[in-house]
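All residue numbers for the sequence shown refer to the numbering used here, where the first residue is 1 and numbers rise by one.
Think of the hints as simulated: they come from the structure by calculation, not from any bench. Glycine included, each C-beta is placed from N, C-alpha and C at the ideal position. You may find that some hints are simply not true.
Claimed, not checked - Derived CB-CB ranges, DEER-like:
(1) R83 <-> S61: 29 to 37 angstroms
(2) A37 <-> P73: 31 to 39 angstroms
(3) T38 <-> D70: 27 to 35 angstroms
Said to hold, decoys possible - Derived pair list, reagent style EDC-like, types lysine to aspartate or glutamate, alpha-carbon separation capped at 20 angstroms:
(4) K77 <-> D51
(5) K78 <-> D51
(6) K72 <-> D51
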Amino acid sequence: MSACLIFSNCNGPDPDPDPIDATSRGVSAVGQVLDDATNEPIENALVTIQDVQAIPMTTDSDGYFRSGSDTKPYTGKKETLIRIN
Numbered sequence: 001m002s003a004c005l006i007f008s009n010c011n012g013p014d015p016d017p018d019p020i021d022a023t024s025r026g027v028s029a030v031g032q033v034l035d036d037a038t039n040e041p042i043e044n045a046l047v048t049i050q051d052v053q054a055i056p057m058t059t060d061s062d063g064y065f066r067s068g069s070d071t072k073p074y075t076g077k078k079e080t081l082i083r084i085n
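My request is simple: use the sequences and hints to build the entire structure.
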């Protein structure tokens, strides 16, 4: 089975933040996991985005996930690893 991840919202700081302030802001990730073959949402998928939070996020019945309040500070990286189980 293959899955397709769609981010509907991923908020970080402004494009050119003050370097002192850049690591003090948390980020949030919201998205949906869909089956690549059927385009149907995948319930109970575990989504791990290492640069956002250490604890995996679980998708709901519509395939949506949202990061919690324990997100990591923004590091300025533009690429990250996303793992879906």
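> Is it true that the C-beta distance of T38 to D70 lies inside 27 to 35 angstroms, as the hint says?
Replying inline: Holds, at about 33 angstroms.
> Does the hinted range 31 to 39 angstroms hold for A37 and P73 at CB?
Replying inline: holds, 37 angstroms
>> Holds or violated: the 29 to 37 angstroms window for the beta-carbon distance between R83 and S61?
In response: Violated: the Cβ-Cβ distance is about 21 angstroms, outside 29 to 37 angstroms.
>> Need the status of pair K77, D51: alpha-carbon distance at most 20 angstroms?
In response: holds, 9 angstroms
>> K72 and D51 were given as a pair; does the straight-line alpha-carbon distance stay at or below 20 angstroms?
In response: With a Cα-Cα distance of about 7 angstroms, the restraint between K72 and D51 holds, given a limit of 20 angstroms.
> K78 and D51: Cα distance at most 20 angstroms?
Replying inline: holds, 10 angstroms
Hint compliance for this structure: hint 1 alone is broken.
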